[in-house]
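K.L.:
Residue-level listing of the chains:
Number of protein chains: 2
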Amino acid sequence: MALTTQPYKGTRDFYPDEKRTQNYIFGVMRSVSERFGYEEYDAPILEPIELYQAKSGAEIVSEQTYLFTDRGGRQVAIRPEMTPTVSRMVAGRRQELGYPLRWYSIPNLMRYERPQRGRLREHWQLNVDIFGVKGLEAEHEIIALADAVMQGYGAKRDMYTVKLNSRKLMDYLLADYLGFDAEQSTRIAKIIDHMHKVSTEVFQKEIDDVLSDSQRSNNTGQKLVDLLSVKSLDQLPSEVADNTVAVELQKLLDLLQSSGITNVVFDITIMRGFDYYTDIVFEVMDTDPENNRSMFGGGRYDGLVGLFGVEPVPTVGFGMGDVTIANFLTSHSLMPELKVVTDVYVVLVGDVYSLAQATIASLRSQGLNVAVDTSGRKPGDQIKNAVKKNINFVLFIGEKELADGKFSLKNLADGQESNLSVEEVASAVKAYHQSK
Amino acid sequence: MALTTQPYKGTRDFYPDEKRTQNYIFGVMRSVSERFGYEEYDAPILEPIELYQAKSGAEIVSEQTYLFTDRGGRQVAIRPEMTPTVSRMVAGRRQELGYPLRWYSIPNLMRYERPQRGRLREHWQLNVDIFGVKGLEAEHEIIALADAVMQGYGAKRDMYTVKLNSRKLMDYLLADYLGFDAEQSTRIAKIIDHMHKVSTEVFQKEIDDVLSDSQRSNNTGQKLVDLLSVKSLDQLPSEVADNTVAVELQKLLDLLQSSGITNVVFDITIMRGFDYYTDIVFEVMDTDPENNRSMFGGGRYDGLVGLFGVEPVPTVGFGMGDVTIANFLTSHSLMPELKVVTDVYVVLVGDVYSLAQATIASLRSQGLNVAVDTSGRKPGDQIKNAVKKNINFVLFIGEKELADGKFSLKNLADGQESNLSVEEVASAVKAYHQSK
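Same order as they appear, the protein sequences are chains A and B.
Heads up: the first sequence begins at 692 in the numbering used here, then just goes up one per residue.
Heads up: the second sequence begins at 692 in the numbering used here, then just goes up one per residue.
Pulled out of the complex, with its shape left as it was, chain A reads as follows:
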């Protein structure tokens, strides 16, 4: 029986067209991260499973992670996220590294999920983290960088919203202000985290299930629902709005606004799924009504590096997946037309493969990307090949051309043909690309 040509379920093959798109997406991530002084790192795709059991959240490890036992009896996971890995690496050289430390990476990650729009089993994710900064400068810089990536793709301010909240504020609200115990607070946080995915009735029922009888009788549920409808920090009850945590959050909002990020708002319902966040969290939402969902996010996690037995390091970071970004660019018509990397397609006229080598080498040494048709077919068929491959120029090489040192270069976009030396071919092709 023939083998299947399909990729593994929930993953993608990247044929050159798709790889070109991915390289464009990665290129913007890379150049913006480096503009902000971040350095690239990378790590193995396998990690011991203990790394995730510590803090990633039970659901992710027990249901969504690819786990197996290696031939040496080690329990390993294909990394479902990069944050535990980068924390491990920083902890491993805690003393030698200089802070603030700025790192980024674009790893592939795997999660065992039911494949659906925006969620695949394998995806790539820009991870950006700043280590060693306790103050709001870290949140400001990380959110400004995330915003600059969006701007780098040509996104307009009305296409997305940056939503901020604080885990500390929520802890204060749930525990101190509303009087929930630790277990109730955890359950309610999870309910808030997915509240936009369920109906109001389901949500109210879920909240009610958590309440004690006394909380039900003194209307704690309604108080919580009222709080969750608040749209800005100054709408909070004054005893909450005056709390240090709320004041800091307002300061960050102002700092971001003054940096030109006018589409940033407070959203009390933003929780982020991972257990490791300790303070401010943010999410970037698509405003397209067809796709009005969280695209990516991040926040502060000051506790992870310390799990490796070293002095803790305050950290803020975010992760931005390639699938959601590609969906965003497509739905907002932001995906640019991308050119193939091959500049010139050489059509061989007659049996001149060997004789043509010096000319081809010379074109390449002048910086052109040159593919050669070795099919031995008629020139017309070779040109069709260039058209199929979306290569803009064909260059004819035959015995006569080699003898004369002059070659016919044809621009397939406008049909223009010129008779040129090797040096002139190189200049003409470069000039054409620069004019586009």
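Since the list gives no way to pick one copy over another, a pair counts as held whenever it fits inside one copy or between any two copies.
Subject to a maximum C-alpha distance of 35 Å in a straight line, what follows is the list of computed DSBU-like cross-link-like pairs (lysine-lysine):
(1) Lys1080 - Lys942
(2) Lys1080 - Lys710
(3) Lys854 - Lys942
(4) Lys847 - Lys1097
(5) Lys1080 - Lys825
(6) Lys859 - Lys1069
(7) Lys1030 - Lys1127
(8) Lys825 - Lys942
(9) Lys1079 - Lys1127
(10) Lys1121 - Lys1030
(11) Lys1121 - Lys710
(12) Lys1069 - Lys825
(13) Lys1080 - Lys854
(14) Lys1079 - Lys942
(15) Lys1030 - Lys1101
Note that these hints are calculated values from the structure, not bench results.
Got chain A; can you put chain B on it based on the hints?
P.N.:
Just chain B now, kept in the frame of chain A:
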């Protein structure tokens, strides 16, 4: 108990210094492949295990591949090599693709091996393949490309040798010329494949174990040993040297020599481990006596695409691993000094983080990679941070500088300091990089 900070056995963490080196290695692979008209593709890290059972060779699948069963009961493998995957992808769009088809990729691969010099459990490998060319042009181009990558790293001709052989020639020698049956031929091929790793006595003993009594009595073993000591095609017995396969191989040697690849030789002991090779194979060897081993190789495999139930496609390709190349560059002192990507380190004088944002944004928009010290420490300590991070320039921003619109830029390499506007800072830094 604290979690370990070590990466999974046999794999590497890439801290920014190591990642910079890897990016340099990948950059040369990428630019040379594109010079030859190859387009990048990629694929998932997981594949169904049937993909490897077909042709990769029994040892690789049963002993060296990471295999497991996913949560849906599928038997999957972390890809140990890329050739089966690229064959699957070409088969999947057999009719739509234009030939000759030129593809490259730099995937990470995993093999369960005992980690040792040049062999790790996870490595990256440049894979370059040309599809749809039956003639020697394919072998010539692929070997010329592999050679151009070596030249791209600055390697000299005396640092490495390209060794050619042909599976078809060996089949002819073993079966027709020496009279071995199919099972004997397979066993002898494996013995030849590792003959340089064992002593002459072990080798002779292994060969002798394969021989039948009649082969022993008519000296077939000695004939084989004599053949394996041949150093060029014209030293072969004339009935072998005149065979079409030998003639083709000589033609390829001449074509490569005339392309300036003077370090190419015939080597009758080159077999290549994979079962899927069908004709010419090659290996690139390090000539360093300390490290005189095969670095990488490839060859023709015309049968793989056809395993997916489509018309077969003739294919030639090679794979070049990052670990062996890094060892080669280091041992031959070819690894260049690589600069950090961050151009300027901003030292904040006083509490000006918020006020400095417009200036910092302006530097970035002019193309500089700018990191900001947010530590709040004394300027002297902030400069030490820049030194630690190997960043060449520091720029001082305080209230006075912001009021004047003039900033002090210090070159840490030569100690020079100048007072410049934002635009002048950008020009000065760019000019300095261009002069290096």
